[in-house]
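K.L.:
Position chain R relative to chain H; hints supplied.
Protein chains: 2
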Amino acid sequence: MKGILIIADGLGGRPTDLDGKTCLEAADTPRLDDLAARGAVGLVDPIGPGIRPGSDTAHLSLLGYDPYEIYTGRGVFECLGIGMDVRAGDICFRANFGTVEETGDGLRLLDRRAGRIETGQEELEAALAALTVTDVPGVEVAFRASTQHRGALLLRGEGLSRHASENDPHVVDAMIPASEPTVAGDPASERTAAAINEITRRSFELLRDLPINRRRIDAGQPPANVVLLRGAADCPHIPPIESIYGVRSAVIAGGALYRGVGLACGMESIDVVGATGGLDTDLGAKARAAIEALASYDAVFVHVKGTDNAGHDKDADAKRAFIERIDRELIGPLTDGLDWLQTHLAFTGDHSTPIDYGDHVPEPVPVLFVGPNVRQDDVASFGERAAGRGGLGRFSGRVLPMLFGYNNTSPKFGA
Amino acid sequence: MKGILIIADGLGGRPTDLDGKTCLEAADTPRLDDLAARGAVGLVDPIGPGIRPGSDTAHLSLLGYDPYEIYTGRGVFECLGIGMDVRAGDICFRANFGTVEETGDGLRLLDRRAGRIETGQEELEAALAALTVTDVPGVEVAFRASTQHRGALLLRGEGLSRHASENDPHVVDAMIPASEPTVAGDPASERTAAAINEITRRSFELLRDLPINRRRIDAGQPPANVVLLRGAADCPHIPPIESIYGVRSAVIAGGALYRGVGLACGMESIDVVGATGGLDTDLGAKARAAIEALASYDAVFVHVKGTDNAGHDKDADAKRAFIERIDRELIGPLTDGLDWLQTHLAFTGDHSTPIDYGDHVPEPVPVLFVGPNVRQDDVASFGERAAGRGGLGRFSGRVLPMLFGYNNTSPKFGA
Chain H
4 MKGILIIADG
14 LGGRPTDLDG
24 KTCLEAADTP
34 RLDDLAARGA
44 VGLVDPIGPG
54 IRPGSDTAHL
64 SLLGYDPYEI
74 YTGRGVFECL
84 GIGMDVRAGD
94 ICFRANFGTV
104 EETGDGLRLL
114 DRRAGRIETG
124 QEELEAALAA
134 LTVTDVPGVE
144 VAFRASTQHR
154 GALLLRGEGL
164 SRHASENDPH
174 VVDAMIPASE
184 PTVAGDPASE
194 RTAAAINEIT
204 RRSFELLRDL
214 PINRRRIDAG
224 QPPANVVLLR
234 GAADCPHIPP
244 IESIYGVRSA
254 VIAGGALYRG
264 VGLACGMESI
274 DVVGATGGLD
284 TDLGAKARAA
294 IEALASYDAV
304 FVHVKGTDNA
314 GHDKDADAKR
324 AFIERIDREL
334 IGPLTDGLDW
344 LQTHLAFTGD
354 HSTPIDYGDH
364 VPEPVPVLFV
374 GPNVRQDDVA
384 SFGERAAGRG
394 GLGRFSGRVL
404 PMLFGYNNTS
414 PKFGA
Chain R
4 MKGILIIADG
14 LGGRPTDLDG
24 KTCLEAADTP
34 RLDDLAARGA
44 VGLVDPIGPG
54 IRPGSDTAHL
64 SLLGYDPYEI
74 YTGRGVFECL
84 GIGMDVRAGD
94 ICFRANFGTV
104 EETGDGLRLL
114 DRRAGRIETG
124 QEELEAALAA
134 LTVTDVPGVE
144 VAFRASTQHR
154 GALLLRGEGL
164 SRHASENDPH
174 VVDAMIPASE
184 PTVAGDPASE
194 RTAAAINEIT
204 RRSFELLRDL
214 PINRRRIDAG
224 QPPANVVLLR
234 GAADCPHIPP
244 IESIYGVRSA
254 VIAGGALYRG
264 VGLACGMESI
274 DVVGATGGLD
284 TDLGAKARAA
294 IEALASYDAV
304 FVHVKGTDNA
314 GHDKDADAKR
324 AFIERIDREL
334 IGPLTDGLDW
344 LQTHLAFTGD
354 HSTPIDYGDH
364 VPEPVPVLFV
374 GPNVRQDDVA
384 SFGERAAGRG
394 GLGRFSGRVL
404 PMLFGYNNTS
414 PKFGA
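Chains H and R, in that order, give the protein sequences. The working numbering puts the first residue of the first sequence at 4, with every later residue one more than the last. The working numbering puts the first residue of the second sequence at 4, with every later residue one more than the last.
Honestly, the hints are just simulated from the structure, not real lab data. Take these hints with a grain of salt, some might be off.
Each pair may be met inside one copy or between any two copies, as identical chains are not told apart.
Said to hold, decoys possible - In silico BS3-like cross-links for lysine-lysine, where the CA-CA straight-line distance does not exceed 25 angstroms:
{"id": "1", "residue 1": "Lys317", "residue 2": "Lys24"}
{"id": "2", "residue 1": "Lys5", "residue 2": "Lys415"}
{"id": "3", "residue 1": "Lys317", "residue 2": "Lys5"}
{"id": "4", "residue 1": "Lys5", "residue 2": "Lys24"}
{"id": "5", "residue 1": "Lys415", "residue 2": "Lys317"}
Same shape as in the complex, but just chain H:
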């Protein structure tokens, strides 16, 4: 049997979203409602009741892992998702191009995202190929740009640690702080902090006078003249999905983080042209790629990000419209194209991102399972309150292991 897991990022909402309804409840989703009618629904706490999830920890939990046990930080998933080769001992960071100005006291932050720069990342990445660490012997550094202002950076060498503070002050007009070891007296933390501080300085030197930045300044745009680092992580110990369940699986995601989580769990990543990790993503292309992938993989995880983007932007209409696009352009082709006698499908979110707050909240997320082995319940629509009446009840994480359970590929615990 085949399995398909679809996670719509930040899917859940609150009654304050749209006149007493969540965006999902307000959206017209006949195909999701049909799947709910054919299957069973419930509520899932991505990590646990009352726990406010990050996207990375929530995905690990939904994929069947205990994030309290294995999570080391976001950076490693960003590096993996961008296609970097991560090895044991490497320290990985989530990176942003930022805008700073030089002052007598150091660098002052003007924009954390360099105006959400849209073009020219190749030139910036090429310039950073010259980035080296010389203050700390034996340390190599690699940088890779991804979408807009985003990228990832990796340090490799003996005796490094994720216990060094960020160079990102998170507040505009603040000075770029020196990285400090967060484990006092630990030489590895001290070496890593020194490397970060050299990268702050050297990235500014390498980027500030690039042609792209001169053009941006001339056009009144903030230059991308520094690399901001956060989410330091070392390589987590995650048993691959195939080693636990004996199934081959693939991830289809526009966002680097989600590809990275899938890769870290042993999935293979399938690139889809037009999958942007944004509201403009090509959902039809993802649907076609998923159907195609199920010919050669046992399971496919499809991630869509636009729901969360609209939630963070506090744009209820955009979130509702994107959910309706998911229903029409992703669920529609899957409904028509999957072999429903041989496939189980799970659809859920990784957390709730309500419009009023514009960030993740702990409330649980609706989940649906459909396929030949699912015990059908009486609920025939898909939404937060409908899911509260569903036959699956309320549970925490582990949606992918439940999908593998329906597919009869779960390992037995005990005898």
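P.N.:
Positioned in the frame of chain H, the structure of chain R alone reads:
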């Protein structure tokens, strides 16, 4: 936003309580029903499914902590709740005045609660100011009386341990047992056991001939002539609520244990005249104090104990009547006095205390949440079976973190 958590001790019941209904189901509770109609209900296992909770462990779990990780014993909460200064290394006990008679073989227990003594505790406490430990060098002792036969005792000194057995045989007519170290060969346990044994002997010497006890004997009442110790605990490591959620919180409770749990979790305690921790408590005064406290605190935890007392007394009518008083005298003023656009309220119990059994049982307890961010469900009454149909489903502990989630004050785990 503001949060208010109300825990009615031992709220839950069984259909054997009152002709097929629980006391809560049989009670007339129009105001709780109205809150249920405006909000969402569910069932909470205070610690976990099938786990029979103590009041202390259940409260820790509902407040968001893992009692398996942090719980060391009840004594520390009793000491804190009575207003004693507890420091790292102290060993705390729950204490009872008991009645013993001297025999050739030692002290024989006649009454574990000295006839539930109602007056004269000041005289007993004053006499115990002379209580010292001389058999074990470097150990200080402090005793404080609370309500009726109850009190708390604290040992301070180097090299003490909670691993020493009680001097309370729990059975009338039994001999008072010598405390023994429960960790073999551990000097700290041996020192503590020796201190307990000296306290048994010295408390009898200090109390037996007091005027109050001569009067009690003359009146045919059991004298309060020994201090019984149980619930030995050292100071647990509990991260304060403010350090986790960034909110200032207060506890309003008549019972010392509940004040102590709140204090141990970093709440400030608000004294309310007339809050007795019994069936005769002034619920209206507690409601007024809670509304007033919300002007200066982000969250208030209100504890009411009478439901549990009636359950332990196997008095169904008293339990039902007390629940109706909660509805009228506590929920009524809160319904009228809270700013419902800016407040979330949670109401639940810390465990079930059914009438037939008269003690805690593992069955889950109904819980309701109401406020602007709560996804309303279809249930419009508050009771065990209604809660089983609620939109919150069934979950374990963590009611306070869920309340903070609705208030947008939860820390994010991950990124």
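K.L.:
Each of the hints needs a verdict: does it hold here or not?
P.N.:
Here is what the structure says about each hint:
Within a single copy, lysine 317 and lysine 24 get their C-alpha atoms as close as 15 angstroms, which meets the 25 angstroms cut-off; across copies the closest is 45 angstroms, which misses it. Taking the shortest Cα distances, lysine 5 and lysine 415 sit within 25 angstroms of each other inside one copy (19 angstroms), while across copies they are farther apart (34 angstroms). For the homomeric pair lysine 317 and lysine 5, the shortest alpha-carbon distance between copies (22 angstroms) is at most 25 angstroms, but the shortest distance inside one copy (36 angstroms) is not. For the identical chains of this complex, lysine 5 and lysine 24 are inter-copy neighbours only, at 23 angstroms across copies versus 34 angstroms inside a copy, given an alpha-carbon limit of 25 angstroms.
Taking the shortest Cα distances, lysine 415 and lysine 317 sit within 25 angstroms of each other only across copies (19 angstroms), while inside one copy they are farther apart (44 angstroms).
The structure is consistent with each of the numbered hints, conforming to all of them.
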